[in-house]
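2 protein chains.
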Amino acid sequence: MSADPRLLANAIRALSMDAVQAANSGHPGMPMGMADAATILFTEYLKFDPQDPDWHDRDRFVLSAGHGSMLIYSLLHLTGYAHPTMEEIRNFRQLNSPCAGHPENFMLKGVEATTGPLGQGFAMAVGMTIAERHLNAVFGDDLVDHRTWVIAGDGDLMEGVNHEAVGLAGHLQLGRLNVLWDNNKITIDGATDLSTSEDIPARYRASGWHVVSCDGHDFDSIRRALDEAVADPRPTLIDCSTIIGWGAPNKMGTSATHGAALGADEVAAARKHLVWDSEPFDLPEPIVTAWREAGRRSAKTHEEWRVRLAVSPHREEFVRRMEGRLPQGFSLDEYFAQLAANPQKVATRKASELALEAINALLPETIGGSADLTGSNNTKTNAQKPLTKEDYSGRYIYYGIREFGMSAAMNGMALHGGVIPYGGTFLVFADYCRPAIRLSALQGARVVYVMTHDSIGLGEDGPTHQPVEHVMSLRMIPNLAVYRPADAVETAESWALALERTDGPSLLCLTRQNLPQLRRELGENAVSRGAYRLRTATAARRVVLLATGSEVEVALQAAEALEGQGIGADVVSMPCWSLFDAQDAAYRADILPENAFKVSVEAGATLGWERYVGPRGLAIGLDRFGASAPAEDLFKRFGFTAEAIVPRIVAALKAQGDQ
Amino acid sequence: MSADPRLLANAIRALSMDAVQAANSGHPGMPMGMADAATILFTEYLKFDPQDPDWHDRDRFVLSAGHGSMLIYSLLHLTGYAHPTMEEIRNFRQLNSPCAGHPENFMLKGVEATTGPLGQGFAMAVGMTIAERHLNAVFGDDLVDHRTWVIAGDGDLMEGVNHEAVGLAGHLQLGRLNVLWDNNKITIDGATDLSTSEDIPARYRASGWHVVSCDGHDFDSIRRALDEAVADPRPTLIDCSTIIGWGAPNKMGTSATHGAALGADEVAAARKHLVWDSEPFDLPEPIVTAWREAGRRSAKTHEEWRVRLAVSPHREEFVRRMEGRLPQGFSLDEYFAQLAANPQKVATRKASELALEAINALLPETIGGSADLTGSNNTKTNAQKPLTKEDYSGRYIYYGIREFGMSAAMNGMALHGGVIPYGGTFLVFADYCRPAIRLSALQGARVVYVMTHDSIGLGEDGPTHQPVEHVMSLRMIPNLAVYRPADAVETAESWALALERTDGPSLLCLTRQNLPQLRRELGENAVSRGAYRLRTATAARRVVLLATGSEVEVALQAAEALEGQGIGADVVSMPCWSLFDAQDAAYRADILPENAFKVSVEAGATLGWERYVGPRGLAIGLDRFGASAPAEDLFKRFGFTAEAIVPRIVAALKAQGDQ
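For the record, the sequence lines run as chains A and B. By the working numbering, the letter at position 192 of the first sequence is numbered 192, and the numbering carries on one by one without gaps. By the working numbering, the letter at position 632 of the second sequence is numbered 632, and the numbering carries on one by one without gaps.
Hints listed in this document are in silico derivations from the structure and should not be mistaken for laboratory results. C-beta atoms are modelled at their ideal positions from N, C-alpha and C, and glycine is treated no differently. Check each hint, because a few of them may be wrong.
[Claimed, not checked] Going by beta-carbon spacing under 8 Å, a handful of chain B positions derived as facing chain A:
(1) Gln21
(2) Ala23
(3) Ala100
(4) Gly170
(5) Gly400
(6) Gly462
(7) Met472
(8) Arg520
(9) Ala629
(10) Glu632
(11) Asp633
[Claimed, not checked] Computed list of chain A residues with no C-beta within reach of chain B, every gap over 10 Å:
(12) Asp154
(13) Phe219
(14) Arg224
(15) Gly263
(16) His273
(17) Glu285
(18) Met322
(19) His465
(20) Ala540
(21) Tyr587
(22) Leu607
Chain A on its own, in the form it takes in the complex:
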């Protein structure tokens, strides 16, 4: 690099302020403030190859402060990625431009994670680093030997999830993680001291981090800090003193540059201030050349890596794992055969453990964990040893009481590739994970959430621990596959689907209490249809009972009782709504025939069940908080027994003049 880094950085500044100005929307302050540090990082430190953005051993870069998206769009364009093109940058924040308001991993190569919801980019980077260290331990330095870099803002650091991410990274001593903190002392509301008085470096040190600082506008200072970060075996926070909106002479250093276009006058003034004569979206050739050259910096390293891969005995397995393909012929058939031969009456959380014993033996890429509920979530199988700072090859993570941090880390692991993360907590604490679950879904990340104690069946812990609204509200999240299996077979079928799914997350809702195994004749994966007829009416069918999870057993008992009264009743198990909704109309109509009286039974919110039972049907559920008592008492108290349900159905049939 012979070009003056300030000139290179000013190209970022110009693109950023011009794109935001053109859109009249966006955040110029952060890209302009961090342009200098980012220039040094991308031109002298980051290992990447714009010609092959998917290079498995590239460094990962996460712009946690995602609102500063023009920073990464500028960097990708300047270093020579195929996208974004200048035209796409011109269309920043317009429909169909990959230069979205916040960086979206599914729109641009080089955007390793979708960021914007504060704190999560950082926390995902922790997961990426875990994946890297794990794969390094498995495949060795020859194939896996890279770093994860983050640019984070004050908002990222103030969010609660940051504490969880910092704690986890410190505990696991993730020295390959380096975070550049854009310490500009400004938030949207004004100066940071409006709302915080924290000594941030001291907090990081308290969690085992290495902290260095630099003047974020002094290139030698930045280089020294990055060198120290790279040299240290601990995760490093690089405290970059910066001025937000650097280059905008009248607004820099103020929150006015944070979240709005600078305005034509200030853009003009900045041009003058930066001695930047080019028209908007027109870059001086020498600067483009210098940037492109920087983009080719790691080409040789990449080529050497390619050679090592080509001759590696691990090549096939490594590539398979990095590409997210399950081993050829992967199947749980043997385990299903065991279930058929030897039915299990177990809680579905236990059934999940049984399935995982089979899965973890077949899939070396799974990495399990729990947010301090290992014995309750049944997430740890026998063969798994812990992943620790002494041994990253372990496949089980004690995440601690960090539900959100765990979920975000799992997103990062899935995005990194090479591993399939799953992690557990109580279903009620899906609320704590929810911002990360949403990002799993948006990013299409293969993460499996193992959420146990999925209803009032949790019992004595009471309403704070009993999910009521959770199953239904999770079904609302686009691209999230929510499973509520009814027995050991459906649990294994759900697991199989979750693992085979490559384009998004799955979430398993599992019981604390034992459930009988309902099927022994096993063929096609029944859960793959989302819903299926588990019991066919004996008498003329007048009722179809729809149920999920632990209430399928109750529905079967109710059906028996109805048949005793001469009322024919189907029972449909509906473990996964989104899969059922994707079936063809004929299948759906067969399962939910027009002329039958439909009754849903689920120990949770009824709102939503109208989709299947219709306005004349009956939705039996729980639209209030639960209570503390043994599970059986609660099922009785809230009417989830055949004795309580059957009279309601009979009365409804009568009222409809149907009897």
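Fit chain B to the given chain A structure using the hints.
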């Protein structure tokens, strides 16, 4: 206190292990480990009066580690509260016992907050302390001069929300907050060092806290630490070194005591170890007497306070506020009259600000704030000065980028009483707040959530910032009133209802974009019915359009277009589902007539709308993530225009042979 504190503490231990043993469910380890420190706190420091648990100037005590609920049940019983009785303790964790698995504020006086979801008790205590300092600033030492005490476990401290709570408390220098940390080095999964390596005192100091430590089983050490905590002007973390399950000779110090009954043998061994001869639930008389005496310790202080209150010029206003009554004759009529006279075409977030200008002038008890989006949430009104460590009388809190911490703090403020908190963030970040929103609802706390940018109407920030599933999934939370007003009038009506509601939280979903004012003739609060007919069909009614918020305008345009084709169409605005569902059948049937074709229009998840449109109706919504573009482009792209909607309705009518 002449009794040996160890004997007093052992009464807690005995009750705790016996109650858990009887229930065969619960957490004996924490109450047994913290019995000594809690005994000193309750018998020598805490200001409270079991004869009048609602004494406004009592100290607040929050058991953040709520799983150790037998600790607080024991303390309440022993100090002489009317409840729990010994019979109720015997029925620990059984249906209808107030001694629920986790402490529920609605079941027992003396339980200041519902705890169990980790981290939140602590964070609510921060809010309680803010309320106390604020009321102290307003009403003076004579009426308000108390402390907030917390017992927190490692789980509370590891949760992300702890970082937010600690940061806020440190920034506001809440010296009246003292937290006893049950530092027993054990979590459910095992030793804390399985998952964390943090220097916790250093972290607290980094946020401006005072930290002291003590041996949690040495009474003089505990006293010294509490004295230092009380003397220091900063919030204090009291690091209590304890042994979990202290007294159970074979299991103490291990996670085996954490979350399960000790077992009959170990209970017997503990009796021997503690030299405790009494039968389960039978307490030695001298010990009961000593505890009861301790319970009367603050009676004189209470009486003196009563006298001061009786003669205080603030008496009436203070009592009104503490009892949560709005001022007599409170009404927004004047503001409504202004809206009638001078209609406002504004975003509903701006309409909320306009309403708040009126409200904040009339209600001195409101305390507003935002998680660093003040200018976007429009939460700050002109007259509000900030609440700061220098001036607690302020009525606006810059919460920082701490959505969850803000929400939990608001719960604490509402539970403390005397203030009505409201706070803002973007609706999409309701996910970050969700665990606290659930606790607002469960606890019946009057908190108002001001959630702006409530759909793809947010525009360019893109899918990470665009709520899709949020409005519907919030409707699932029991006891949460969710409002999505359509204009300035409905926004003010929603605000009026939120303030008048005393038994739970309200959440306002507000637009970024401008909306026309739809009503000028104002009478009854139309939102109070949940849904109402905004437009009556001119031609014979065949269609009823149901919409909320910004889509009401679209529905009105669609209705006009339908009428142009001779198709009569009502438009129903449905700002609050829970209020509509509470209307009588006749009203509901009038609004949603059987024979009309029903169409819902809401720029969010459709799942749930079947409740009102039925299986033959049409739910127009958004069941995928949004995109980054100007709002108008997105409304067009996703079909939320009359031009897009009308043909779908006409086609559906045709398909149904209805035309």
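message: Tell me the numbers of any earlier hints that the structure contravenes, in ascending order.
response: Hints 1, 8, 10, 12, 19, 22 are the ones this structure does not satisfy, whereas the remaining hints hold.
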